[in-house]
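Peer 1: Single-letter residue listing:
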Amino acid sequence: MQPAIERVPAARAPAARSPDRVVHHDGVTKTFGKHVAVDDLTLTIPRGSVYGFIGPNGAGKTSTIRMIMHIHLADRGSVEVLGEPAGQRTARRIGYLPEERGLYPKMRVRDVVLYFGRLKGRTRAELAPRIDAWLEKFGLTPWRLKKCQELSKGMQQKVQFIATVIHQPELVILDEPFSGLDPVNTEVLIGVIEELKREGKTVIFSTHVMEHAEKLCDAVFMICKGKKVLDGTLEEIRARFRDDVIEVEGDGERAAFEGAPGVTAVREHPGRFELTVERGADVQNILTHALARFRVRRFEVRAPRLHDIFLKLAGDDAGAAATITAKGE
Amino acid sequence: MVRNVLLVAWRDFLAVVRTKGFLIGLVFMPTVIAVSSQLPKLFKRFGEEGVRRFAVVDFTGQLAGPIEQRIAVRNAETDRKVIIAIERIDVAAMDGAAAGDGAAFAAAKEKWKAELSKRAQGGDDSDPRRLYGFLLIGPRVLELPVAAAPPAAPRKQESDDDGDGVSSTDAASSVTYCARSLTAGDLRQVVSGAVRDAVRTRRMEAAGLDVDLVRRADSMAGIEEMVIGKKPGDLSKASGPSEAVVPMVAVFLLLMGVMQSAGMLLNSTIEEKGNRVVEVLVSSIRPFELLAGKIFGAWLTGLVLLLAWGAAGYFAADSVQWIRPGMFSGANVAWFAYFFLFGYLLFASLYAAVGAMCTSIQDAQSFMFPIVILIMIPMMSLGFVMNQPDSLVARVLTWFPFSAPFIAILRLTLSPPAPQWQIAVAAVSVAIGAWFLMWAGGKVFRIAIFSTGKPPRLGEIWRWLREA
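Residue numbers (the working numbering), protein chains in the order written: chain A, 971 to 1299; chain B, 491 to 958.
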């Protein structure tokens, strides 16, 4: 059985460094004890792009990111960041917002941002005006002298984001940046990410919310059980996963669609069914099949969304996902 | 690298020293030391004032006068706030019982007890006739006791005439001290001392002894204690406290400095791991820089405490002349600083590794137990080392890395101080121990700081040490 995505052959000889890429994993493997967190991963992230890392929990996203940050070292393969091997020097040029947020509860907002900025090698004089500007942008100026523990969770998240970008990094890595944010602040953060993109910064962010990935990303990388199962621009991915999705609303049982010609998967939602159909399947036949067994109120054919592709690939089990995908292709 | 270490150290230092708890601890301990050293003076200054009137019923007819004289001498001392007034009662004139038989004395004694206690109970302090207490001096007090009887043959109990547990014969040769308070020990000592002195003087006079000669003979009995120094003829005055208390306090100060700092390090490591700051930190600096910064920051906080407490302790001890010359020489202070630094590094490495492995103080408890045992070894052996400072056990403890900082400081401040070569061996032992634990602790810290869930097992820690 072939994997979902044909992997880029792992080049064992160091690839030529290119100014157009900010991150390059080359045949990287990372294990923790007997658990293989990342398995022979090759991945290239071009400069100036917004790259989405998606995958189920425990798939290996954070381990991949931590290797970029030089927090974890690869057991095999190489990680190149900003034109040089990942290390302490490259880590300073990256802004990193980890999934597990953390601030010093008793430190004042301004001091904590200053501290993190200084750890990244910036001076107090450089940071001071930027801190004020960022606090103003996020509406945190009145809170600048408050202790972090006095802030709401959403506010703390904003402070953490400011601390991530305060040293003007070339690469920004955001691990689940939207978790815990209300819709208003989510929009604010989306705006900031778009602004970073306009400034030519490269942004990597991991998310479980496919709408965010679709809205913000130029390209998406998906990992399942440590293996890369998806990598490319959204256009490429959509072109590859051309299987249509049919949404059906009406009265009847799920069994009505089982055995329908060309239907590869049926998902039941309250009041509607979602059918994944093979590429090139005759939709008219499926409709006829459904009408014979189901009282149809709505029948709509649409292009697959990233969410559909994610579910298809991840499913409940990555192995099964690979099987489905291979069948789909 | 140094910049990062200093940044982390300074943040951790400020995070602790800005807390109210630290400031209170910083001020509280020196205050306690200063106050306790000045307490006797304060008590004297703000103590009771006024006149305490004692009636003296002297059935010998010879002692009231000398007692009064001795009390007058005491009253004349400049810093006396409580004056003792003596009211002599002439019993011979009043009831003629002075030389009477036992039964007559017992009756007279009861009479005076009743009468004088009435004067002590009634009225208030402004009443000049109100008594604070009284003395009943038996008629045979001046008689010399019979030569000591063999202990196996107790004296035959005389009849107990008045039912107070003392026979009339015994009562006649004793002094009764009655006062409104027996806990006012100072007054009791002064008055009974004056009685004892007067009785002894009269007895010596009666025996034809030269009282002045006996006094002078007594005064020669004091023993002056001196410590023999290293140079010929180098003798310095010593006192019990300077030889025992000061070295102990120095060791405890060192221990508290080390433990306070290491404890702060443990807390801040657990806190950073718990609130997830650590991932942001190690994405900016190396784990070793973080560890070094944290260790240095906690050491600085301990140093501030130690300087404050040490200075307060030194001046307090010096004000009561407990510091023997040479006890805290420049070399000894340098050794103290050295053992504080390396002793701290030794324990800090262990504490940092434990902090990195745990997500809560509760988790850390089980790991702390063996470390506490290591700390207890020198503490439990302090008494032994003071008694036998050059024994084999004392030397081994001086060189065992975990006890070396404390035992070495103790032996340096004892008299005679430990040979310098023994201290040098201790210094090397502590430095090697600290280096090894920094290396091992650093390895564990690097991996453990990202671990989640329950603390690792020993097998897992061993694997980290081999793999990292």
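No lab work stands behind these hints: they were computed from the structure.
Hints are not guaranteed to be accurate.
Dumping the calculated BS3-like pairs for lysine-lysine here, alpha-carbon to alpha-carbon at most 30 Å [as the list claims (entries may be wrong)]:
(1) Lys1076/A <-> Lys933/B
(2) Lys1167/A <-> Lys1107/A
(3) Lys1195/A <-> Lys1185/A
(4) Lys1167/A <-> Lys1185/A
(5) Lys1123/A <-> Lys510/B
(6) Lys510/B <-> Lys1117/A
(7) Lys534/B <-> Lys510/B
(8) Lys1076/A <-> Lys531/B
(9) Lys1004/A <-> Lys933/B
(10) Lys1076/A <-> Lys1116/A
(11) Lys510/B <-> Lys1116/A
(12) Lys1107/A <-> Lys1117/A
(13) Lys1076/A <-> Lys1123/A
(14) Lys1185/A <-> Lys1107/A
(15) Lys1076/A <-> Lys1117/A
(16) Lys1076/A <-> Lys1107/A
(17) Lys1107/A <-> Lys1123/A
(18) Lys531/B <-> Lys571/B
(19) Lys1185/A <-> Lys1117/A
(20) Lys933/B <-> Lys1195/A
(21) Lys571/B <-> Lys534/B
Peer 1: All the hints need checking, so say for each whether the structure fits it.
Peer 2: For each hint, the structure was consulted:
Of the pairs offered as hints, the one joining Lys1076/A and Lys933/B holds, with about 29 Å between alpha carbons and a cut-off of 30 Å not exceeded. Using a Cα cut-off of 30 Å, the hinted pair Lys1167/A and Lys1107/A holds, with the two alpha carbons roughly 17 Å apart. Our distance criterion of 30 Å between C-alpha atoms is met by Lys1195/A and Lys1185/A, whose separation comes to about 26 Å. As the CA atoms of Lys1167/A and Lys1185/A are separated by approximately 13 Å, the hinted pair is consistent with the 30 Å bound.
Between the alpha carbons of Lys1123/A and Lys510/B the distance comes to roughly 26 Å, so the proposed pair stays at or under 30 Å and holds. Distance check on the hinted pair: Lys510/B and Lys1117/A sit about 15 Å apart at the alpha-carbon level, within 30 Å; holds. Proposed proximity of Lys534/B and Lys510/B is contradicted: the alpha carbons are some 34 Å apart, above 30 Å. Distance hint between Lys1076/A and Lys531/B is unfulfilled; the C-alpha atoms sit about 43 Å from each other, more than 30 Å.
Proximity of Lys1004/A to Lys933/B is assessed by CA-CA distance (about 20 Å); at most 30 Å being required, the pair is judged to hold. At roughly 9 Å between alpha-carbon atoms, Lys1076/A and Lys1116/A fall within 30 Å of each other, so this suggested pair holds. Straight-line distance between C-alpha atoms of Lys510/B and Lys1116/A comes to about 17 Å, which keeps the hinted pair within the 30 Å bound. With a CA separation close to 19 Å, the supplied pair Lys1107/A and Lys1117/A stays within the 30 Å bound.
Under the criterion of a C-alpha separation no larger than 30 Å, the hint pairing Lys1076/A with Lys1123/A is consistent with the structure, at around 15 Å. Among the hinted pairs, Lys1185/A with Lys1107/A is consistent with the structure: their alpha-carbon atoms are about 22 Å apart, no more than 30 Å. Proximity of Lys1076/A to Lys1117/A is assessed by CA-CA distance (about 5 Å); at most 30 Å being required, the pair is judged to hold. For the given pair, Lys1076/A sits about 23 Å from Lys1107/A by alpha-carbon distance, which is consistent with the 30 Å threshold.
Taking the CA atoms of Lys1107/A and Lys1123/A, the gap is about 18 Å. The hint holds against a cut of 30 Å. For the given pair, Lys531/B sits about 13 Å from Lys571/B by alpha-carbon distance, which is consistent with the 30 Å threshold. As the CA atoms of Lys1185/A and Lys1117/A are separated by approximately 34 Å, the hinted pair breaks the 30 Å bound. For the suggested pair Lys933/B and Lys1195/A, the alpha carbons sit about 28 Å apart, so the restraint of at most 30 Å is met.
Restraint check for Lys571/B and Lys534/B: satisfied, since their Cα atoms lie roughly 8 Å apart, inside the 30 Å limit.
When held up to the earlier numbered hints, the structure conflicts with 7, 8, 19 and fits the remainder.
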